[in-house]
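Kindly generate the complete structure, drawing on both the sequences and the hints.
Residues per chain are reported as follows:
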Amino acid sequence: MSGGVSGSPDLICFASCFFRLLQSLIALAILSVVVFVLARATGDPLHMILPMNASEEDYANARRYLGLDRPYVAQYLSFVGRAVTGDFGNSIRARRPVSELLRERLPNSLKLAAFAMSVSLAIAFPLGVMAAVKKGTGVDRAAQLVAVLGQSLPTFWVAIVLVEFVAGRLQWLPAGGADSLASYVLPGFTLGWFVVAGMMRLLRSGMLEVLDSEYVKLARLKGVAERRVVWVHALKNALIPVVTFAGIYFAILVTTAIVVETVFAWPGLGRLAYDGITSRDFPVIQAVVLATAVIVAAVNLCVDCLYAVIDPRIRYSR
Amino acid sequence: MLPKKYIEANGDDVFARKPVGTGPYRFVEQVVGSHIKMTAVDSHWRIGVPKYKNVTFKLVPEETTRIALLRRGEVDVADVSRERVKELEKEGFPVHMRKEEALIHVWWILGPDGRTPPTNDKRVREALNLAIDRNEIAQSIFGGYAEPAAIPMGLTWSFKDVGFKVTPDMAYAYDPARAKKLLADAGLAGGFTQDVYAFQLPGFPEGKAFAEAMAGYWEKIGVKSRLIPVDYPAFRKMWVDRKAPGAVGYYNVANRDWIGAYAFLEKQGYTPSKLNDTVNDPEVDGMLAQVLRQTDRDKINALMRNVYTRLRSEHHGVPVVFVHSPYAASKTLGKWNPGSVMYDLFLDELARK
Numbered sequence: 003m004s005g006g007v008s009g010s011p012d013l014i015c016f017a018s019c020f021f022r023l024l025q026s027l028i029a030l031a032i033l034s035v036v037v038f039v040l041a042r043a044t045g046d047p048l049h050m051i052l053p054m055n056a057s058e059e060d061y062a063n064a065r066r067y068l069g070l071d072r073p074y075v076a077q078y079l080s081f082v083g084r085a086v087t088g089d090f091g092n093s094i095r096a097r098r099p100v101s102e103l104l105r106e107r108l109p110n111s112l113k114l115a116a117f118a119m120s121v122s123l124a125i126a127f128p129l130g131v132m133a134a135v136k137k138g139t140g141v142d143r144a145a146q147l148v149a150v151l152g153q154s155l156p157t158f159w160v161a162i163v164l165v166e167f168v169a170g171r172l173q174w175l176p177a178g179g180a181d182s183l184a185s186y187v188l189p190g191f192t193l194g195w196f197v198v199a200g201m202m203r204l205l206r207s208g209m210l211e212v213l214d215s216e217y218v219k220l221a222r223l224k225g226v227a228e229r230r231v232v233w234v235h236a237l238k239n240a241l242i243p244v245v246t247f248a249g250i251y252f253a254i255l256v257t258t259a260i261v262v263e264t265v266f267a268w269p270g271l272g273r274l275a276y277d278g279i280t281s282r283d284f285p286v287i288q289a290v291v292l293a294t295a296v297i298v299a300a301v302n303l304c305v306d307c308l309y310a311v312i313d314p315r316i317r318y319s320r
Numbered sequence: 002m003l004p005k006k007y008i009e010a011n012g013d014d015v016f017a018r019k020p021v022g023t024g025p026y027r028f029v030e031q032v033v034g035s036h037i038k039m040t041a042v043d044s045h046w047r048i049g050v051p052k053y054k055n056v057t058f059k060l061v062p063e064e065t066t067r068i069a070l071l072r073r074g075e076v077d078v079a080d081v082s083r084e085r086v087k088e089l090e091k092e093g094f095p096v097h098m099r100k101e102e103a104l105i106h107v108w109w110i111l112g113p114d115g116r117t118p119p120t121n122d123k124r125v126r127e128a129l130n131l132a133i134d135r136n137e138i139a140q141s142i143f144g145g146y147a148e149p150a151a152i153p154m155g156l157t158w159s160f161k162d163v164g165f166k167v168t169p170d171m172a173y174a175y176d177p178a179r180a181k182k183l184l185a186d187a188g189l190a191g192g193f194t195q196d197v198y199a200f201q202l203p204g205f206p207e208g209k210a211f212a213e214a215m216a217g218y219w220e221k222i223g224v225k226s227r228l229i230p231v232d233y234p235a236f237r238k239m240w241v242d243r244k245a246p247g248a249v250g251y252y253n254v255a256n257r258d259w260i261g262a263y264a265f266l267e268k269q270g271y272t273p274s275k276l277n278d279t280v281n282d283p284e285v286d287g288m289l290a291q292v293l294r295q296t297d298r299d300k301i302n303a304l305m306r307n308v309y310t311r312l313r314s315e316h317h318g319v320p321v322v323f324v325h326s327p328y329a330a331s332k333t334l335g336k337w338n339p340g341s342v343m344y345d346l347f348l349d350e351l352a353r354k
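So the protein lines, in turn, are chains A and B.
First residue of the first sequence? That's 3 in this note's numbering, and the numbers climb one at a time after it.
First residue of the second sequence? That's 2 in this note's numbering, and the numbers climb one at a time after it.
Selected chain B positions facing chain A (in silico; Cβ < 10 angstroms):
{"no.": "1", "residue": "Pro62"}
{"no.": "2", "residue": "Tyr233"}
{"no.": "3", "residue": "Phe236"}
{"no.": "4", "residue": "Leu276"}
For the record, the hints were derived by calculation from the structure and aren't laboratory data.
Note that the coordinates shown come from a computational prediction; the quantities given were computed from them, not determined experimentally.
Just so it is clear, CB atoms sit at the ideal spot from N, CA and C, and this is done for glycine as well.
Structural data, given as structure tokens:
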């Protein structure tokens, strides 16, 4: 069953994870160069920071103060050397260590992503399973409508509509900020809405495949209760792709909520990235991109390893 | 007023994070990207005991969200765009206008050696001014919350300081026929081509629509205007590097008193300020240099008046409109005049009904 690869399954699994880790580190190294170059390609930050009537001398002083007068290679080496120790320099705009800003913002993004993911799971699970079980009925059609809307409605539009009507007109929920549990609802729903669609479709197709399999038919023939067949035997096997999807999407929710965090004035990583980009704050842009890359790489790595653990076929085929 | 000892002891960065000033509110905390909190001092030398114990500035980039916060009573004041004013007033929210907060001013980028053809010809500059219907721009682009401007680089809050009066003959009429004639007199009857950079600016969301409108007016007198959408930093680089001589840019110049106006002119209308200069006029340079050396206030005022007169007579730019900036307030907030001092909204004068 080892597919021609010698060694114990555990050793193969470890080697596979190690190889993935190496891949991730190489990707991060390449990304550090790309982000360093691209951040500078967007323009001179001094044009954003200094007032319109700043003199040539003001520019020279600011450039020297911020270390932007050094050669690019020296700037890059200094950036990488410090970044590996968690020091991303000082924000040009906020005049504070970027690592401090990341520490302040990351928990907010993680909390919002966790809330959004919980909302998604709470909606997608019953809907996806019921759509498969009641294929072709009104429930299935309603689920498909949710999926289409979830994947086709732009996030910024959903966010603005919710702010305008649910918060502003109906005044049911807070419009912005991260002051209370209630303030999680609108941004969490906006973020989670998109994930619901993907997860629900994945679960529905997985369930349809499993429900048609021999072992499910056998379970039914043996008289196992339909509820148990669906929610225990079938769901367990339909979950494998959903776990992968959920893991990757959690990382994406943490790292790409720029629009949602900006509309809902949520003090997270996405908002930090937005502020960094609009003010040409190189150290912030570099740090946010690298931090998000690390999160995505780490989650991918975990999902890959987890995948190998929960599905023996994958482990042994490597 | 800055605390010398505090800054010397702690440095600029600490001062930026934990500022100390002389106002009626003391800095409490700043959460970057979220809010700034301040609390009232016990007794302030200017206003006594402030009426509100705590003041929080929330950083909310999206206007829809700011308005929703106002509707929910989560904030008392929100800056809003001019296009949302009528809707909010209809709902009963008082909207306070900061009158003539900024001059929307258009200029031509200089070349390495100063003005380049064809805008080095005064007649062409006047023609480009006469081609613009300022009243229509005030109404259509700024929703009526703007007034036509007449003096290139002339800031109205400084006019009363230096005793400068804008007479009716100084106002630029909308006169495309005369503009065409001036172009013909300058040997440009067939028009010419100019680049117009189009960008948004903070406090000026109408930026791109404004640029399109300007280009449209100039097209009507035969000036082919190529709109180049960019972001402001990209434009600024073209401007200060002088890589696009004769191309058009603009800015919402914050209105200010005569000292602020002088500082603005000294950077943007003074040849020795190489980087930012948009005028390159020895006569203006001479007068601005004299202002710096002069200590007699009357003479300074006379010099400033002469600078404005010269800028107007030479058409050193296209002053388009002064925009009013709206601040919507909660229904419980009392009378409030956002004032006419640069960067000062007179927040300490706020009072509940």
